[in-house]
Structures are given as C-alpha cells and as structure tokens.
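Peer 1: Protein chains in written order, with numbering that gives the first Met the number 0: chain R, 0 to 306; chain B, 0 to 412.
It is possible that part of the hints are untrue.
Stated by the list, open to error - List of simulated lysine to aspartate or glutamate pairs, DMTMM-like, C-alpha gap at most 20 Å:
| hint | chain 1 | residue 1 | chain 2 | residue 2 |
| --- | --- | --- | --- | --- |
| 1 | B | Lys381 | B | Glu403 |
| 2 | R | Lys132 | B | Asp97 |
| 3 | B | Lys184 | B | Glu154 |
| 4 | B | Lys238 | R | Glu7 |
| 5 | R | Lys281 | B | Asp241 |
| 6 | B | Lys184 | B | Glu219 |
| 7 | B | Lys234 | R | Asp140 |
Quick caveat, the hints were computed from the structure, so don't treat them as lab data.
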Amino acid sequence: MDGVGVGEFGSILLMQGFNGLSVFSVLVLMALGLAIIFGQMGVINMAHGEFLTIGAYTTYMLSQLTTNYFPSAQPYYFFVAIVVSFLLGGLAGYFVELVLIRHLYKRPLDSLLATWGLSLIMQQLFRSTFGAKEVSATLPDWLLGSWQPTGTIDIPLNGLFVMALTILLTFGVWLFMYRSRAGLQMRATTQNRVIAGAVGINTARVDRMTFAIGCGIAGVAGAAFTTIGSTGPTSGSLYIVDAFLTVVFGGAQSLLGTLASAFSIAQTNSTLEFFLTGSSAKVITLLSIIIILMIRPQGLFSVKVRK
Amino acid sequence: MSIKFSGARRSVSAGLAALALAALTTGAASAAAPPTKTINTTGLKVTDSEVYVGQLHSATGTMAISETGSIQAEQLAIDQINATGGILGRKIKVIQEDGASDWPTFAEKAKKLLVQDKVAAVFGCWTSASRKAVLPVFEKENGLLYYPTFYEGLEQSKNVFYTGQEATQQIIAGLDWIAKTKGAKSFYLVGSDYIWPRTSNKIARKHIENVLHGTVVGEEYYPLGHTQFGSLINKIKLKKPDVIYSIVVGGSNVAWWKQLKAAGLTAEKQTILTISVTEDEVLGIGGENMVGHYSAMKYFESMENDNNKKFVAAFKAKYGPTAVIGDVTQAAYEGPWLWKMAVEKAGSFDVDKVVAASPNLEFTGAPEGYVKIHPNHHLWSKLVIGQWGANGQAKVLYQSGLIEPNPFPKGYQ
C-alpha cells in the first residue's frame, strides 16, 4: 500500500461507498420492471433481458440519428432515448402479452419455457437486424468521465446519472402503484382477481397494461445501461439472473422489498469485492442469499395475498 | 408427329452441346490440373473441377459477435483463390456449418463435415472450448483444421494448424515493451474467469517476476458477463500499479473499459496494456473510452504495408466501408492461403501429405507481413503494439522481430 496516504485512503473508501450505491441503483433499475411483472402478475418472464436490449438498441439508433442528422442535438438526445425506449419496450410488451403471455397465466412452468424461447427468438432478431457485433452509442460529453470534488476523488458521471434516473423512476412507479387509479386496479387484481373482476375491473386489460409498463421500464433500464455496459444481441441477458435474484430475495410483491434486497445485495457484494476477490465475493453473496431464502422463503418483505 | 420430331431434334442438339462442353472442360482440366485419382487417394470430396472444404463457426448464438469476422475473412480468401484459378485446377466449394455457440454442436458438425461430406479441410472454431470439442473428431477421422484465434497454447495436434498466436508470442514481447518504454515495475493482472485469461496471466506473472524482476500487486478474475467493476477499480487505485494488464472478454469488456474511463483512469493517469481488445471489440466499447490505451496483437487494420492495404480494400469492397478487421479476422484470412500453398507443394489433397508439406512454408502475402509455419503447427509471427484512437483504429507504435511459437513454454507453467 505504499504511496497511498491516509487522506487518499479515505477518498478511496468514499469512492467505494459510492460504488455500493451505484451497484444498488443498477440492481433496482434492472429489477423494477421485473418486480412489477413477476410480483404483480406472477409471470416468470425469462425474456426480460431482451426488453432491456430493446432500450439499448433504441438508444444506439437515436445516437446514430442525431450524430448523422442533428449534431447540435447530440448533448440532449439521451433524454429522448429514455422516453422512446419506454414507449418501444412497452409496445413490444403489449404485443407479447396479447399474443403469448395471456394464454399461459394458468401454466407458470409453460410460461417459463415460452418466455425463454421468446428470449432466444428476440436475440436472433437483434442479431439479424443489427448484426452480431456489439455496437456503441456515442454518449454526450456530459455523461463521460468523472466529477472530481477533490484531487483524489473521482465520482463516475454515468453512475450519478443512473442513480438519479433510478430515484426518479422508483418514485414514478410508487406514484403509479399507490397513488393512481390504474395502480389501485393493478393491486386489486393481484390480491384477488375474482373479486376485482366482480367489482367491474377489466382484469385482462389490467394484465396487459401491467406487463407493458414492466417491459417499458425494462426499456428505460436498457437505455441507461448503455452508459455503463455493452450493447449487443445478448447484452440484456447479462442482467437477468441478478434481476430475478433481487426480486425473489426482496419478496415478490413488495416494492419496498425490492429496494431493500437490492441495497443489501449491492452493499454485501461491493464490500466483499473490496476485501476479497471478485469470484469469491460473488460466491459468498449468493450463499448468504440461499441461506436467508431457506429460512425465509417468502423473501425479505411479503404482502399477504389470498391464493 | 411433328411435335415428336422437333423434340428429338432438340435433344440431339442439346446432347451435342453437352458433348462439346464436356470436351472443352476435360481439355481445360487436363491441361491445368492433374487427374483426381492421383491427388486424392483417401476418398475426400474432390472432383475434376472442384474441391470441397468446410467452414465451422458460430453464425448464431453468443459467439456470433466474434466469429462473424472470421467467417467473412475465410470467404474472402476462398473467393480470391478461386478467382485466380483455384487449387490444383479445382475451384473451392464451401460447405458452411453453424456451431451455434454450443460446443457439442461443434463436435457433431465437425463429424458431419469429415465423415459425411468428406471435406479436404475445415476452417473454423474460435473459442478454445469449441476447439477442444472438435479435436478428438479431427484426430480420429484424420481431418484438417485451420484455427484462427490467439489462444493459451498448451496444445499441438497433427490435425490442426494454429494461425493465431499462442500465449507466449502475444504476452512476453508486450510485457518487455511496456517495461522498457514505461519503466514499469508493478503490474495488476485482471481477467475473465476461464482458461485463456488464467493461463495467459500465469505466463505473464512468471515473466514479470522472473525475467523483468517486477512485482504483481494484484491478480483478479471476474465471471464472464460480470458488469460491475467499481470495486476492482477502487482496489487498483489503492495499489497504484504502474500497469494494468487486462484480459477481460465479451460484454464484460465493454463494461470494464467504460467504467475505467468513468472512474477517471484515462491513459494520462494509468497505463493499461490489454491482449483482449481488437478493432472488433472497440466497436462495442467505443473509441472514446479506449483513447491512449495499448493492445498487444500480431495485427492491426492500420498496419502500413502493401499486402495489408490490398487486404483491407478487398475486405471493405466485399463487406462495406464500415466493416472493421481485427487480429483474428486477419488470422482467419491466412487459413485458406496456407492450405493452398501446402496442397500445391504436396501436389495432393491427402491430409497426411498436406501436413507433411506444411512445416517451414512461407507466406509472404500475409496482411500482417510475413509468416512461416513452424513444425509445431503454429506460425512464426511478430508482436505489434497499437495505441487506440477515438476513431476506433490503433496507431502502430512498435513491431518486434519474428517470434518463434512455443506452445509448451518451459519455466512458464
């Protein structure tokens, strides 16, 4: 540790703390859409990662479009990309629900297989459309590099951006689920589908909107992840395991559970990574999750649901 | 009646034309090409005008990202060979199979190509896992494989020619260069967690400790597909190595470089040398995230020599101006040419004769410059250091002399 003074060591610890928060926001962002689909509808959507990829490719295409035709808009295209990613992801989700998912609500294992097949089909579609090679969206300058409050502290700008987006999106989802009429209908359908139908809620429509919104949020996550990760036909599948882990560990129906789970996984992994090696940090994190789920199969937080 | 008559006349004239054509082609063939039975004694699929070869890469699945370039380069080489008359008077016909990024599929398709199609040679595989899967098939059926990827070494087979570099060729000269030009003493080794990065870093560590008398201050591996490198970057900042030596691959690679840049570890602040970034990878990473960092390879698209200029022009003419050419793509391009030279020297398509004719063959038309086949089936080649620019192209800073391939390096295992 030669050459690192006490002050600098402090800076590194601070940056590591930020890193934990940054991983936390990434986990929340990737799990949020899934939490809605899996938590509210009980659908195991193995193609969730591919909806992230839709967002990533949308960002790439808009980046190409602005660089080639509207170079002056380059600094701002990313905001447009986020909105368009939400719409395209949602639209794709809407049709997938219409064509595939709604026929499988009573057959959860079949839906697992069907959505896995869907993910392979979508990956090959991306490959045929955009080519097998990875692409890279040209990021605006304000998203590149780091913010340096002092000489020894570097706070990644893309990390800050993802964090801000996560806070906004989580707040938006909370508003939607707990403060809007549509959200109320959604929760009512989750808690008791038959009674919800009896009081006049069109549960089939609620399902379709729920699935579409979950996929739209995945699209936004995909757009955001172009700042920190790759854009290729299989990029989205890199996130799928962690996303399911976060949702299941948190307790499927609870938004708060997803947040708590993402926070504990991120902090544990990030702290262990700092003191141990990357692979062993992962092993210990996964082992602890398994043990906790054995003791508490319903996850960290659970909502009472009439089965 | 009249109908019948005209029908007969048509068939007579068609027959005459066919006869004339047959006379013409056999005439041409006998003038240029030796008879099939003398150049093919083992029952390979060789006719008087054609010879069949196989191409076995992943056109679909996760590895398509890397293998597409190899497929394209091999096809370009085969087109060029056919345009100049083929091999021993025979045009090359390609039977293309898709390994689909799945190793058992590779083995199955290799068997199909060798047993059912009886191809004279196969150009294919990319990952070591796929090569290890097909190796027993090639050895049992006595097939011939040209393998394009730089890899960890520790392998040598009668039935395989390795046109990429083995680990010592890529690693040792690169470390020597960075130690000399940067005065580097301390190294941090980073890799994805599988055989190639681990074996390569083992060689790197031995060389750093025993030859360069430097220190390895950290060595870490992350699972394939890992996307969060913040903790690692902070650990590196704590250790302050002179050089980060990086062998991260795939989607992880993109995340790694983007996060390095975001954490302020630009080329001015931190020297990074990698052996896992070619022009293909930079497409995904983005040139702006690679500016100033170094790759050690045997080939860069920007190399200034006449062979390469012709190769790059032909490649872009066939696959579009935005196509890029990485190290493995160039190595894949060499495969069909090396096979052609060996077949012509042997005067036969028989695998045993082609293998026997291969050692010490020189290929002066290679885009990388000059290569020679070593008796151990690897190529003598140079090591080139490239420094990346924002446009996704590397500037060549250094070229070593020809390095002897040494797949089983003593003192490095």
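Peer 1: State the violated hints by number, sorted upward, taking the hints as numbered earlier in the document.
Peer 2: Result: hints 3, 5, 7 break, sorted rising.
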